[in-house]
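Sequences listed follow chains A and B, in order. Going by my numbering, the first sequence wraps up at 235, each residue one higher than the last. Going by my numbering, the second sequence wraps up at 470, each residue one higher than the last.
Hints are computed from structural coordinates only; laboratory data are not their basis. Among these hints, one or two may not hold up.
[As the list claims (entries may be wrong)] Derived coverage of chain A by chain B (criterion: at least 3 residues anywhere in the stretch with Cβ under 8 Å from a Cβ of chain B; other residues may be distant):
id : segment
1  : 13-20
2  : 57-68
3  : 95-102
4  : 139-145
5  : 168-176
6  : 189-201
[What the hints assert, rightly or not] Below, a list of computed lysine-lysine pairs in the DSS-like style, where the Cα atoms sit at most 27 Å apart:
id : chain 1 : residue 1 : chain 2 : residue 2
7  : B       : Lys367    : B       : Lys304
8  : A       : Lys132    : B       : Lys302
9  : A       : Lys171    : B       : Lys395
10 : A       : Lys132    : B       : Lys262
11 : B       : Lys262    : A       : Lys160
12 : A       : Lys171    : B       : Lys367
13 : B       : Lys388    : A       : Lys67
Since the model is a prediction, treat every value here as computed from it, not as a measurement. Note that the Cβ used here is the ideal one computed from N, Cα and C, for glycine as well.
2 protein chains.
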Amino acid sequence: MAGYSTYIDLIRPLIDGKEIISTGMTKEVARVEAAIEQARAGKSCAIVSSGDPGIYAMAGLVFETCKIKGIEIMPPDSDPRAADDSNILRLEVVPGIPALCAGAALLGAPLTHDFAAISLSDLLTPWELIEKRLEAAAGADFVIVLYNPKSKKRNWQLGKAREIILRHRDKNTPVGIVSRAMREEQHIEIVTLDNMHTAEVDMQTTVFIGNSTSIAYMDFMYTPRGYAKKYEIQS
Amino acid sequence: MAGYSTYIDLIRPLIDGKEIISTGMTKEVARVEAAIEQARAGKSCAIVSSGDPGIYAMAGLVFETCKIKGIEIMPPDSDPRAADDSNILRLEVVPGIPALCAGAALLGAPLTHDFAAISLSDLLTPWELIEKRLEAAAGADFVIVLYNPKSKKRNWQLGKAREIILRHRDKNTPVGIVSRAMREEQHIEIVTLDNMHTAEVDMQTTVFIGNSTSIAYMDFMYTPRGYAKKYEIQS
Numbered sequence: 001m002a003g004y005s006t007y008i009d010l011i012r013p014l015i016d017g018k019e020i021i022s023t024g025m026t027k028e029v030a031r032v033e034a035a036i037e038q039a040r041a042g043k044s045c046a047i048v049s050s051g052d053p054g055i056y057a058m059a060g061l062v063f064e065t066c067k068i069k070g071i072e073i074m075p076p077d078s079d080p081r082a083a084d085d086s087n088i089l090r091l092e093v094v095p096g097i098p099a100l101c102a103g104a105a106l107l108g109a110p111l112t113h114d115f116a117a118i119s120l121s122d123l124l125t126p127w128e129l130i131e132k133r134l135e136a137a138a139g140a141d142f143v144i145v146l147y148n149p150k151s152k153k154r155n156w157q158l159g160k161a162r163e164i165i166l167r168h169r170d171k172n173t174p175v176g177i178v179s180r181a182m183r184e185e186q187h188i189e190i191v192t193l194d195n196m197h198t199a200e201v202d203m204q205t206t207v208f209i210g211n212s213t214s215i216a217y218m219d220f221m222y223t224p225r226g227y228a229k230k231y232e233i234q235s
Numbered sequence: 236m237a238g239y240s241t242y243i244d245l246i247r248p249l250i251d252g253k254e255i256i257s258t259g260m261t262k263e264v265a266r267v268e269a270a271i272e273q274a275r276a277g278k279s280c281a282i283v284s285s286g287d288p289g290i291y292a293m294a295g296l297v298f299e300t301c302k303i304k305g306i307e308i309m310p311p312d313s314d315p316r317a318a319d320d321s322n323i324l325r326l327e328v329v330p331g332i333p334a335l336c337a338g339a340a341l342l343g344a345p346l347t348h349d350f351a352a353i354s355l356s357d358l359l360t361p362w363e364l365i366e367k368r369l370e371a372a373a374g375a376d377f378v379i380v381l382y383n384p385k386s387k388k389r390n391w392q393l394g395k396a397r398e399i400i401l402r403h404r405d406k407n408t409p410v411g412i413v414s415r416a417m418r419e420e421q422h423i424e425i426v427t428l429d430n431m432h433t434a435e436v437d438m439q440t441t442v443f444i445g446n447s448t449s450i451a452y453m454d455f456m457y458t459p460r461g462y463a464k465k466y467e468i469q470s
């Protein structure tokens with residue numbers, strides 16, 4: 001069992017008696033290498049992420065590491081003849097509920113039409129590319145989900161994203177802010193695009209920016225799919 | 236309990252003894268109206284979707300219908316003083332694992348960087364807008380997830396999407412095709428963008444088009460986050 005210490009702590013009661021490789025944030029490479037080593041030594045090893053392991057999480061790094069090291073990998077259920085070949089690593093990704101689904105559910109239904117997910121972290125991605133994606137998503141009227149909107153060291157990216165999106169979208173566009181969805185200290189807020197940068201946001205926040213048709217109604221926000229126009233729901 | 240008959244059938248063993256409102260496809264509006272009517276009459280009623288109810292699914296229509304009918308709605312845990320007001324409808328969206336996570340998990344990790352989800356169904360969305368979104372997402376190097384790629388009546392949209400994306404992306408870009416993820420008759424295939432339109436695709440298929448850095452390796456595909464470049468994983 002390998003994972004970022006915060007996530008390991010969340011599931012502590014479920015992993016009693018298991019061998020645990022717990023490392024701090026930014027130690028992702030070391031964590032994955034240690035897990036692969038365990039698995040190649042014949043143990044079965046799980047790497048734990050929060051949300052879905054395939055969305056801005058650890059699954060990609062596992063494949064990347066295997067490719068770089070030239071490790072042969074296979075899905076768990078393929079070719080039973082290879083089952084005894086200890087050089088082959090069996091890899092299974094178990095999907096979960098990503099922050100974009102948990103957050104959307106708490107807000108109402110902001111993602112029932114086309115959307116783009118963009119991370120504002122420029123630690124591993126050049127800011128120019130992030131800006132290009134914000135511009136493209138805003139211009140083509142995608143609902144936009146922002147991951148990693150802000151950290152202690154990165155505090156200007158969300159304001160810059162707001163500026164870019166405001167060039168294409170009304171300042172009253174509803175924006176949903178969800179922090180720690182379905183965990184302790186969960187926080188939900190619906191604001192307008194115009195004052196999005198003043199909302200309470202940190203590294204555990206996901207930001208949902210509506211498209212041109214998204215609506216704030218009572219304590220919820222949603223994006224219509226187009227049924228009402230087509231089938232004329234009676235009021 | 237309300238739902239499209241196919242989904243109701245999938246959970247039949249779990250809903251024994253429940254009152255069931257089952258309707259066919261394209262009867263979404265009638266289904267939601269019937270469910271709201273039940274709930275307003277004092278019963279608790281669940282509307283069932285496959286995957287996540289907030290991603291191209293029924294949650295949006297529930298909010299849309301309440302807004303049009305002027306029904307007052309509240310999250311389940313808010314303001315206990317209003318609990319006895321039978322005019323207020325308590326609405327809770329329970330998130331699930333969307334096809335984009337289930338499919339990505341089976342393919343490896345195609346979604347570990349920024350991605351855009353686009354439905355190719357022009358039943359409720361003008362094709363011009365879909366084309367604009369394909370163009371924008373391809374131009375800004377998003378991984379692209381296509382929902383509703385093809386149906387019996389809509390057979391040219393996937394070919395057109397391929398054409399648009401090929402203007403921006405290499406013809407050998409890996410494309411993952413997943414049908415009926417984690418259900419009976421599951422089908423997984425990794426092809427190239429160039430021959431994406433010849434793959435076996437239907438309404439239960441999700442298509443994952445890699446960005447410029449996505450890689451096909453063994454029987455998997457993944458999108459690197461950038462760790463290898465930054466931290467130099469040793470081969």
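Each hint tested on the structure:
Given as covered by chain B, the segment 13-20 of chain A fails the check, having 0 residues with a CB less than 8 Å from a CB of that chain where 3 are the minimum. For the segment 57-68 of chain A, the stated coverage by chain B is satisfied: 11 residues place a CB nearer than 8 Å to a CB of that chain, which reaches the threshold of 3. Given a C-beta distance limit of less than 8 Å, the hint that chain B covers the segment 95-102 of chain A holds, as 6 residues qualify and 3 suffice. Residues of the segment 139-145 of chain A lying with their CB closer than 8 Å to a CB of chain B number 4, which satisfies the three-residue condition for coverage.
Closer than 8 Å: that is the beta-carbon criterion, and the segment 168-176 of chain A has 0 residues meeting it against chain B, so the requirement of 3 is violated. Only residues whose beta carbon comes within less than 8 Å of a beta carbon in chain B count, and the segment 189-201 of chain A has 0; fewer than three means the coverage is violated. Under the criterion of a C-alpha separation no larger than 27 Å, the hint pairing lysine 367 of chain B with lysine 304 of chain B is inconsistent with the structure, at around 33 Å. A hinted pair counts as satisfied when its Cα atoms are at most 27 Å apart, and lysine 132 of chain A with lysine 302 of chain B does not qualify at roughly 35 Å.
Between lysine 171 of chain A and lysine 395 of chain B the alpha-carbon distance is near 34 Å, which puts this suggested pair outside the 27 Å criterion. Taking the CA atoms of lysine 132 of chain A and lysine 262 of chain B, the gap is about 40 Å. The hint is violated against a cut of 27 Å. The hinted pair formed by lysine 262 of chain B and lysine 160 of chain A fails the criterion: a straight-line CA distance of about 43 Å is larger than 27 Å. A hinted pair counts as satisfied when its Cα atoms are at most 27 Å apart, and lysine 171 of chain A with lysine 367 of chain B qualifies at roughly 22 Å.
A threshold of 27 Å between alpha carbons decides the hint, and for lysine 388 of chain B with lysine 67 of chain A the separation of about 41 Å lies outside it, so the pair is violated.
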